[in-house]
Amino acid sequence: MAEGAESGERFVPAQYQPPLPLDRLILQEGAAGAGDRMELDVLIVGAGPAGLACAIEVANLAQRRGA
Amino acid sequence: MIEGEHSLSGAIVNPRPFRELFPDLPDAELPFRRPVGKEAVYVLTPGSALRLPTPPTMHNRGNYVASLCEIVRWLGAKAEALGVNVFTGFPAAHLLAQGRRVVGVRTAASGLNRDGTPGSSFQAPNDLSARVVALAEGTRGLLAQAWLEWERVSSRNPQIFALGVKEIWETKQPLDRVVHTLGWPLPNDAFGGSFMYPLEPNLVALGLVVGLDYQDAALDVHGAFQRMKLHPLFRRVLEGGEMLEWGAKTIPEGGFYALPERRSGDGVVLLGDAAGFVDVPSLKGIHYAMQSGIFAARAIFQALTSGDASATRLAEYDRLVNSSYIAHDLHRTRNMRLAFKDGFYRGGLKAALMTVTGGRFPGGKITVEADANVERRVTPGLRPGSTVPDGKLTFSKVDAVFKSGNATRDTIPTHLVIGRDVPPEVAAFYSHVCPAGVYEVAEGTLRVNAPNCVDCKATDVLGPRWTPREGGSGTKYKRM
Numbered sequence: 001m002a003e004g005a006e007s008g009e010r011f012v013p014a015q016y017q018p019p020l021p022l023d024r025l026i027l028q029e030g031a032a033g034a035g036d037r038m039e040l041d042v043l044i045v046g047a048g049p050a051g052l053a054c055a056i057e058v059a060n061l062a063q064r065r066g067a
Numbered sequence: 001m002i003e004g005e006h007s008l009s010g011a012i013v014n015p016r017p018f019r020e021l022f023p024d025l026p027d028a029e030l031p032f033r034r035p036v037g038k039e040a041v042y043v044l045t046p047g048s049a050l051r052l053p054t055p056p057t058m059h060n061r062g063n064y065v066a067s068l069c070e071i072v073r074w075l076g077a078k079a080e081a082l083g084v085n086v087f088t089g090f091p092a093a094h095l096l097a098q099g100r101r102v103v104g105v106r107t108a109a110s111g112l113n114r115d116g117t118p119g120s121s122f123q124a125p126n127d128l129s130a131r132v133v134a135l136a137e138g139t140r141g142l143l144a145q146a147w148l149e150w151e152r153v154s155s156r157n158p159q160i161f162a163l164g165v166k167e168i169w170e171t172k173q174p175l176d177r178v179v180h181t182l183g184w185p186l187p188n189d190a191f192g193g194s195f196m197y198p199l200e201p202n203l204v205a206l207g208l209v210v211g212l213d214y215q216d217a218a219l220d221v222h223g224a225f226q227r228m229k230l231h232p233l234f235r236r237v238l239e240g241g242e243m244l245e246w247g248a249k250t251i252p253e254g255g256f257y258a259l260p261e262r263r264s265g266d267g268v269v270l271l272g273d274a275a276g277f278v279d280v281p282s283l284k285g286i287h288y289a290m291q292s293g294i295f296a297a298r299a300i301f302q303a304l305t306s307g308d309a310s311a312t313r314l315a316e317y318d319r320l321v322n323s324s325y326i327a328h329d330l331h332r333t334r335n336m337r338l339a340f341k342d343g344f345y346r347g348g349l350k351a352a353l354m355t356v357t358g359g360r361f362p363g364g365k366i367t368v369e370a371d372a373n374v375e376r377r378v379t380p381g382l383r384p385g386s387t388v389p390d391g392k393l394t395f396s397k398v399d400a401v402f403k404s405g406n407a408t409r410d411t412i413p414t415h416l417v418i419g420r421d422v423p424p425e426v427a428a429f430y431s432h433v434c435p436a437g438v439y440e441v442a443e444g445t446l447r448v449n450a451p452n453c454v455d456c457k458a459t460d461v462l463g464p465r466w467t468p469r470e471g472g473s474g475t476k477y478k479r480m
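The listed protein sequences correspond, in order, to chains X and D.
Residues 1 to 67 in my numbering are what the first sequence spells out, letter by letter.
Residues 1 to 480 in my numbering are what the second sequence spells out, letter by letter.
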C-alpha cells in the first residue's frame with residue numbers, strides 16, 4: 001500500500017480528522033425534524049452492562065420505596 | 001433504554017456488582033460460563049512460547065469466564081421483569097438541551113435513501129425527553145464525547161484507545177486454561193496482547209488487543225490477529241475447528257488520568273466505558289461499568305425524589321465513584337498502561353516496579369498524547385509474515401464481517417464523515433486500521449464501503465468520524 005510514499009515519510013492523523021460536529025450533535029429542545037415525542041423520568045442510552053445495571057438499580061429503588 | 005446486540009468483550013468477569021444487584025442469587029445462577037481455573041501467561045516469538053509467572057494484576061482467582069452478549073441478554077430480561085422498557089433499534093443520534101441543561105435525546109431517522117432523501121419506509125427521528133439522561137453508549141460514546149467537549153470538561157490526560165479483534169471458535173481440541181500472551185506478532189513499539197478463554201472446553205473465545213498509539217502506519221490489527229493464529233500455541237487448539245463469530249471493538253485504555261474530571265452535569269451522567277472506567281493491567285471493565293451504573297442509579301433516584309436533577313445533585317454520582325473501588329483500583333495502576341508508550345520492554349519493566357510499589361513508582365503522572373496526535377511512520381512494502389487468508393484458520397476482512405452478523409442495509413446514506421484531501425498514505429493507514437474493510441485505496445484514492453462498518457470506532461479515534469445510522473444496522477453478536 002501507500003504507493004509512491006517515500007520511506008521514512010511521517011504524518012499525524014489528527015491533521016486529517018474532521019472536528020466533532022457539536023452543532024449537529026447537540027440540538028436545542030424543540031428543534032424541527034422530530035416525529036413522535038415521549039416523556040420519561042430516566043432515559044438510559046445504551047443497553048450494555050452499565051446501562052442495564054443502572055436500569056435495574058433504579059427499578060429496585062423505586063420498588064422498595066413503593067413508588 | 002435503547003440499543004442492543006452490539007456488546008463484545010473478552011471476557012473474564014469479576015462478579016462483585018452482580019452480587020450487589022442480586023443479593024439473593026448464588027453465583028451458580030449468574031450468567032457466567034465457568035469459574036477461571038488454570039491460567040497461563042506467555043511471551044511469544046514467531047515459533048515459541050515462553051511461559052511467564054502471572055503478573056499480580058492479572059490473577060483471576062474468583063472470577064468467571066463469560067460472554068458479554070449473554071450477560072447483557074440476561075440483564076435485559078431482569079430489567080424488563082422489573083418493568084423497565086428496553087427499546088432496541090433506536091440509536092440516539094443527538095442530545096437535546098435546554099440552554100446548557102441536557103433534557104433528552106433525538107433518535108436516528110430510518111428508511112433514508114442513499115442520497116439522504118426519505119424512502120418508502122421512512123420514519124422520522126423521535127424525541128425522548130427525560131428528567132435525567134444516563135449516557136451508557138460504551139467505548140468512544142458519541143454523545144458522551146459531544147457533551148464533554150460542549151461542557152469543556154477536562155481530564156488530566158486525553159483518553160487513549162486500543163482496538164480488539166475477537167473470534168469465537170468451536171474446537172476439536174479442548175482448551176483447559178485461560179491464556180494471555182505478549183510479544184509476537186506485535187512490533188516492539190505497539191502495546192498489546194492476546195487472550196484465549198474457554199467458554200466451554202471446546203468453545204473458545206480468542207482475540208488480539210492493540211493500543212492505537214503504535215507508530216507503524218501499516219500495522220493491521222485484524223491481519224496481525226489472523227497471523228497470530230498460525231502460532232503453534234493457538235494452532236494446536238484451533239486446527240480442524242470452526243470459526244463461529246467474529247467482531248471488533250475499541251477499549252478506552254487511558255485509566256485514572258483520562259477520566260473526565262466530572263462525569264455528571266445538569267440532567268446528565270456518564271457511565272461505564274463512555275466514562276472510561278477500564279483497568280488495563282487487570283484487563284477489566286465490565287464490573288466497573290456495572291458498578292458505575294449502580295452508583296448512578298442511586299444518585300438519579302435521590303435527585304428525582306427530591307425534584308432536583310441539577311449538576312449539584314447529580315454530583316453525588318461522582319462522589320460515589322470517587323470513594324469506591326472503581327477510583328481506588330484505577331488509581332493504583334494509574335501509570336501502568338502509560339509507561340508502555342516508550343515501547344514494550346521498557347514499559348514492562350516500569351509496570352513491574354509500579355506493581356511492587358502499589359503505583360508509587362515513578363511518582364507523578366506520565367503524560368500522553370491523544371492517539372490521533374501520535375506521529376505515524378510510512379514504510380512501504382509488505383510486512384514480514386503477511387498471510388494470505390486460507391478461509392479455514394485465517395480470514396479476510398470481508399469473510400470476517402460476514403461472521404459478525406452485520407445487518408446494515410447497503411442502500412443507506414454513509415454514516416462516516418471523512419476529512420478533506422486525505423493523501424494516499426493516510427488513506428492506506430485507514431485501510432489498515434479498520435478491521436472490517438470499510439476503507440480501501442483504489443488508484444490512489446480512498447474508497448469507503450460504509451455498510452461493512454461494525455461500529456468498533458477505531459477510525460473514529462484516528463480519522464473519519466462515526467455517526468449513528470438507522471436502527472437494526474450493524475452487528476448481530478450472539479456469544480461475543
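What the hints contain is simulated information worked out from the structure, not anything from laboratory work.
Just so it is clear, the structure is predicted and the values come from calculations on it, not from any experiment.
The C-beta atom is built at its ideal place from N, Cα and C for all residues, glycine as well.
It is possible that some hints are incorrect.
Estimated spans, in silico, between C-beta atoms of each pair [stated by the list, open to error]: (1) X/D23 - D/S324: 45 to 51 angstroms; (2) X/Q63 - D/S155: 34 to 40 angstroms; (3) D/A352 - X/A32: 57 to 63 angstroms; (4) X/M38 - D/H328: 52 to 58 angstroms; (5) D/V43 - X/Q63: 46 to 52 angstroms; (6) D/Y345 - X/A14: 26 to 32 angstroms; (7) X/N60 - D/H331: 26 to 32 angstroms; (8) X/D36 - D/K172: 51 to 57 angstroms; (9) D/R19 - X/R10: 46 to 52 angstroms; (10) D/K172 - X/A32: 57 to 63 angstroms; (11) X/D23 - D/S121: 45 to 51 angstroms; (12) X/R10 - D/G240: 24 to 30 angstroms.
Consistency of the hints with the structure:
no. : hint                               : verdict
1   : X/D23 - D/S324: 45 to 51 angstroms : violated, 36 angstroms
2   : X/Q63 - D/S155: 34 to 40 angstroms : holds, 36 angstroms
3   : D/A352 - X/A32: 57 to 63 angstroms : holds, 58 angstroms
4   : X/M38 - D/H328: 52 to 58 angstroms : violated, 39 angstroms
5   : D/V43 - X/Q63: 46 to 52 angstroms  : holds, 51 angstroms
6   : D/Y345 - X/A14: 26 to 32 angstroms : holds, 28 angstroms
7   : X/N60 - D/H331: 26 to 32 angstroms : holds, 29 angstroms
8   : X/D36 - D/K172: 51 to 57 angstroms : holds, 52 angstroms
9   : D/R19 - X/R10: 46 to 52 angstroms  : holds, 50 angstroms
10  : D/K172 - X/A32: 57 to 63 angstroms : holds, 59 angstroms
11  : X/D23 - D/S121: 45 to 51 angstroms : violated, 29 angstroms
12  : X/R10 - D/G240: 24 to 30 angstroms : violated, 44 angstroms
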